[in-house]
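Letter by letter, the chains look like this.
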Amino acid sequence: MASIELRQVSKIYPGSSAGVKDIDLKIADGEFVIFLGPSGCGKSTLLRSIAGLESITAGDILINGEVVNHVAPRDRNIAVVFQSYALYPHMNVWQNMAFGLRMRGTPADEIDAKVKDAAELLGLTPLMQRRPSALSGGQRQRVALGRAIVRDPQAFLLDEPLSNLDAQLRAEMRLELVRLHRKLGRTTIHVTHDQVEAMTMGDRIFIMKDGRLIQQGPPLEVYANPADTFVAGFLASPPMNLVAGRLLAEGGGLAFVTDGLSLAIPAAYREAYAAWAGKPVIFGLRSEDFHDAPGGETFAPVTLQVEAVEALGPENIVIGRLAGSHKPVAARLSRHFGAQAGETVTLHADLMPMHLFSPDDGKAIPRPRIPDAQTRRRA
Amino acid sequence: MKRFGLHAGLWLAVALILLPPLWVLRTSLVPESMAYSTDVFPAFSLENYQGLFGQKHFGSFYLNSIIVSLGSVILAMPFAAAMGYAFARFETGGRFGRFLVLSLQMLPPVALVLPAFAILRTVGLTQSLTGLTIVYAALNMPFLAWILMGFFEGIPVDLEWAAMTDGTTAWGAFWRVVLPVSLPGLAAAGVLGFILSWNEFLFALVLTGSKTATIPVALASLQTSNGIQIGKVSAGVVLAILPLIVASRFIQRFIVQGLTFGSVK
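Residue numbers (my numbering), protein chains in the order written: chain A, 3 to 381; chain B, 6 to 270.
Incorrect hints may have been included.
[Unchecked claim] A short, non-exhaustive set of chain B residues, derived as facing chain A with CB atoms under 10 Å:
(1) W166
(2) A167
(3) G172
(4) T173
(5) V182
(6) L207
These are calculated hints, taken from the structure and not from any lab test.
Beta carbons are placed, not taken as given, at the ideal position from N, Cα and C, and that holds for glycine.
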């Protein structure tokens, strides 16, 4: 059982821009958190620092309130599952799983029982005598998990454990990891660059970019209130539509204006955005906030020149350009929406979940938070 | 027809490579007096081998070669492994360090043999197997370190990290994971080092005495003022090649294994 806290942690590699800078974060005991970011953002470095595999340049790492900066990895009682699985190629499955216990001097009968339990939990029992080279990717993944589980560590650190699996297996293992976490209740840090894993698996997401922690919070909250254009773009597929334009005072209200398109800002945000009137801004709206019919006073019609339609089955992603401009936009519509490439269609954008970002640093311009669409509909 | 031409060419190449050693084998097995006969196989005789082991004490030279070659590998391996690991994992000395080590291998042996002799004379190890073993170990070490460095670089650092979170020290991770995983590499490097020492002539000639000569030196001594004892030379060459043939079979298997063993993913 472990809480993990990072205070002003930096890791700088001499002569390289990689690394992490001034990371502050707290992970509660038993929490399942996600480190999310593009490759090279420092999330794996941070994970290895917590495991003690990399020394940190500055700051403090605390486990259960104690500074562990100089505690060796083996004494932190943390298990790491690596992207490559890092199974010992010269040992069979049983030996791989027993290794950690043997190194800790666990009695043989206890090792036997624990390995057997973990193997059963993960469905590895028939494979115990095989070498890693004789296992499939999914099986190796399970062995790596099993090796972590048998040690009963106080925390699990998972470094992109699913990225080498095919799509179907990845979906299964996502559920399995969540199930395991619920069963074992151990603090878990899951590093990934996959937004589906980030949205579905964790209690909280920590989003990183260029070695810095940009935003943290529960997945849906981060999704609804991205701190900047990077988070807005990263956390969904297709990413949030971002259109550069200008905020103008119009009549009694505000409007976002770009290339012949004018969208009235919902009254609830007028006060918050007033200071930006007359200035260039970036307008952000998620693809699912486009609808095929008007739905209320915050809806505004938008004309789209369709360039492509991705029929995913349950839904159609309509990709096109705003009429009168070359700004690309993706809209997520029902599978019954029958647009074709080359057509011009009118969509209805719900502006309530919109965001404005500063074009200088990409930061979101603060506005009152709204309940997310689902809660609005229920109300 | 094209296939036939290709095969003919290949057979010619094989013949070019194989005929000389086969002729040596033939010469070692016919009486010395018929060594230069143009008959393919005039008569069968083991007199060359008997002479070699009898009056020429070839057995003891053979043993010398085994002791020196094996000893130098065993002596050099731990140092070479440590050096190769340091280069591979910690980039000790950087590129310059790596090149410096390899450049030692590029020095002409003649430049080293006299200093080596002077050093051994100072410590009183000339004409001894111990001296030659130490010198061979030193000569092979850069080369072995370089080969092992390649093997260690092929081992993902994740493996060591996994071991260290599993409860080993850094040393434990090296000992329990890196070394066993690189065993094929160690074996291949060891065999190569063995072959290098086995074939070495110049240092052996200068640093050994009549009792401590190795095979290459012993064979050279058959070139006497009374002419070359071609039969015995041939028999000696055959015997000298034998362990190398065994070793190359061995090394081939291990190098292949070493290449496939690295497929951790």
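Taking the hints in turn, this is what the structure says about them:
{"no.": "1", "hint": "W166", "result": "5 Å, holds"}
{"no.": "2", "hint": "A167", "result": "4 Å, holds"}
{"no.": "3", "hint": "G172", "result": "3 Å, holds"}
{"no.": "4", "hint": "T173", "result": "5 Å, holds"}
{"no.": "5", "hint": "V182", "result": "6 Å, holds"}
{"no.": "6", "hint": "L207", "result": "40 Å, violated"}
Hint compliance for this structure: hint 6 is the single one not met.
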